[in-house]
Amino acid sequence: MIGEPGNWNPEKRVMNTFFLAAYLAFKETWRNRGRFLLVSMVIALIALLVLFIAALGEGLGNGNREYISRLDAQLIVFLDKSDYIISASRLDQNSLREIRRLDGVESAGPISASNTAILLLPSTKVQKVSLVGVDPNQPGCPPVLEGRVFRSGNARETVIDRNVALRTGIKVGDIITIRSAQGTKDKFYSLKVVGLAAGQSFFFQPSIFVSPNTWEQVRPKGEAELNNTVAAINVIAVKMQNPAQLEAMKQLLTSQVTNIQVADIPTTINNVPGYSAQQGTVQTQAVFTLLIGVLVIGGFFQIQILQKVPQIGVMKAIGSTNAMVGLASVLQIILVTVIGVAIGGGLTYVFSLFFPPTIPLVFNGQASAFAVLVLLAIGPLGGLVSVFYAVGIEPLKALKLS
Amino acid sequence: MSNVALEVRDVVKSFQTDTGIINAVDNVSFQVHSGEFVALVGPSGSGKTTMLSMLAALLTPSSGQIIIDGVDLARMSEKQRVALRREKIGFTFQSNNLIPFLTALENVELMLRLNNRYNRAGAVRSAELLSRLGLGERLANLPGQMSGGQQQRVAIARALIHSPTLVLADEPTASLDTERAFQVVQTFAGLIHENQRAGIMVTHDLRMCKYVDRVLQMRDGKLVKIYEDRKEIDALGHGE
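As given, the protein sequences belong to chains G and A, one line each in that order.
Counting from 1, one number per residue, gives the positions in the first sequence under the working numbering.
Counting from 1, one number per residue, gives the positions in the second sequence under the working numbering.
Next comes chain G alone, as it looks inside the complex (with noise of 0.2 Å):
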């Protein structure tokens, strides 16, 4: 029967109709290489771009939250009409000794965030940084990857971001000079620096970790503060018994604390002062960069259907089926793009070697992930219109026979 010969079974029609559509495609693209390489860097600029926001992205936003992020807590305690901004918020020792006393807490720990301190170098330069004050051992405290962790009461001792000590040299046993405001003058202080943690940036600086009365001491302070002994709390970092009882927690401490509003950590991140409208900036940027990336590969394939008309009516008048030609399409179209984003990818590798430490780019491995699927997508669904013309081509009209 036609069609339907016995050595000719659907399983090894379909393998044929597979081999044979990417056997066209290998090869129409390398008998045409000049033509698709073209393309391909097109995919490749595209993905360039893509992944050099998608690491604009992580950097700007790990400068913000990195420090939050990285937090061995579930929940960030603010003074009630904070609006889960941490230096909008001003909570005293009484409310801290109220939520260590509940139940399901495990432990809570005050921060104190300053970022207008300066860190004199030996050299004229100066690094700006992040002054973090925190209990020792008590959530908000960094974990420490070399030395160990400060001293509470006024020891002036500090941990200091990994970051700063590779920016500036600084190593575990250095002393460091401090340049805080007090009131109308400056004043130096120095720190003994007792030990790293890993990258704990803060609004867009690296941070140094100092006990809650250093942190009061040197922290720059307006006029009206100069007599203050008590250190003052920004926020209350809390870590649960149970973290799966997050919102039962958040009710407890909202009853139980007066003049408290409680946040679990995304929620605190997405309140810092600007990181929503930066992140929705560079998200807004690559999502046009992708589309772009769509319009572009689709119009180029739609122009390369459209020239390969009277090509596609012959193959379908000497009995090429149509998952053939529409298959063999969309083989090309992943061979282009995969060629495109691979290129692309180690124009990002070799260009970003090259660029300075001060531009904050990122390349998170999941993010990054994330960006070359993305890219992958873009060739299939840019070329999805000229699929759909191949495969409707009509071999009486493209032979003109009718």
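It is worth saying that the hints were derived from the structure and are not from the lab.
Ideal Cβ positions, reconstructed from N, Cα and C, are used throughout, including at glycine.
Just to be clear, a hint being listed does not mean it is correct.
To be verified - Only pairs whose alpha carbons sit at most 30 Å apart, straight line, appear in this in silico BS3-like list of lysine-lysine:
hint, chain 1, residue 1, chain 2, residue 2
1, G, 125, G, 192
2, G, 187, G, 239
3, A, 231, G, 397
4, G, 397, A, 79
5, G, 27, A, 79
6, G, 187, G, 125
7, G, 12, A, 79
8, G, 239, G, 81
9, G, 221, G, 192
10, G, 185, G, 221
11, G, 250, G, 192
12, G, 187, G, 171
What the hints assert, rightly or not - Counterexamples of contact, computed for chain G against chain A with all Cβ distances above 10 Å:
hint, residue
13, 27
14, 320
15, 347
Following the hints, put chain A in place on chain G, whose structure we already have.
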């Protein structure tokens, strides 16, 4: 007489136009046997291209039957017609005949690949057929690197390599000079006879009829005359 490869019975193809329904092919009947090479001739608009499109299973008749190898095209699904074109029909067109990114050899092998019959023996047979057609030195050439005549010969090889029942040629000499045209049709006719295929060539150039066994003349959609006598056929070619 050998087997009937193609039988056309009372075929009508109608089209709706602004001025009403017209019959592009009007009640046409004929047979073509295996090993027979037939020319379909007639002026423009006579219905020969429409007839060829129906024989190629690219167009379905409004009524009547087209039977290839004992199977009626009208009873086939679209999927079966695609399979029929692949397995039972060889086709050469006026132009845009070959796949531009495949070499001469790959273009011929494509028919074997489409039918899942490509193997080492098939590759050798393809190369031999092209060599017989005088293209032994052109196996690795792309269509763009060959002349029109050479491309037509590759198309002939492609139309025959999978041993189809019916070989159709639509104005195969349209883009060739006279000498090349005669060579191509002579080769075509030789292979049709040698391989016992049924061949139909649509042409407006009556000089090409000297190589065919019969001439079917169409006018206004009707089959008006069948030339079977050798002398009559040769006389057609001389414009008599």
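Report holds if the minimum CB distance from residue 347 (chain G) to chain A is greater than 10 Å, and violated otherwise. Holds: least Cβ distance 28 Å, greater than 10 Å.
Would the pair residue 187 (chain G) and residue 171 (chain G) pass a check requiring their Cα atoms to be no farther apart than 30 Å? Within the cut-off at roughly 23 Å; holds.
Agreement of residue 125 (chain G) and residue 192 (chain G) with the hint, judged by alpha carbon distance not exceeding 30 Å: Holds, at about 19 Å.
Interface-negative label, residue 320 (chain G) against chain A, beta-carbon threshold 10 Å: Violated, because the least Cβ-Cβ distance between residue 320 (chain G) and chain A comes to about 6 Å, which does not exceed 10 Å.
Is residue 239 (chain G) close enough to residue 81 (chain G), meaning Cα to Cα at most 30 Å? holds (22 Å)
With the threshold set at 30 Å, check whether the alpha-carbon distance from residue 221 (chain G) to residue 192 (chain G) stays at or below it. Roughly 22 Å between the alpha carbons, so the hint for residue 221 (chain G) and residue 192 (chain G) holds.
30 Å limit on alpha-carbon distance, applied to hinted pair residue 231 (chain A) and residue 397 (chain G): Outside the cut-off at roughly 38 Å; violated.
Between residue 397 (chain G) and residue 79 (chain A), is the straight-line Cα distance small enough, at 30 Å or below? holds (19 Å)
For the pair supplied as a hint, residue 12 (chain G) and residue 79 (chain A), confirm whether the alpha-carbon distance does not exceed 30 Å. The given pair, whose Cα atoms are some 16 Å apart, holds under the 30 Å limit.
Does the structure keep residue 187 (chain G) and residue 125 (chain G) at a Cα separation of 30 Å or less? Since the Cα atoms of residue 187 (chain G) and residue 125 (chain G) sit roughly 17 Å apart, the hinted pair holds (cutoff 30 Å).
Agreement of residue 185 (chain G) and residue 221 (chain G) with the hint, judged by alpha carbon distance not exceeding 30 Å: Answer holds: residue 185 (chain G) to residue 221 (chain G) is near 10 Å, not above 30 Å.
Hinted pair residue 27 (chain G) and residue 79 (chain A), Cα distance within 30 Å: holds (26 Å)
Consistency with the previously given hints fails for numbers 2, 3, 11, 13, 14, ordered from lowest to highest.
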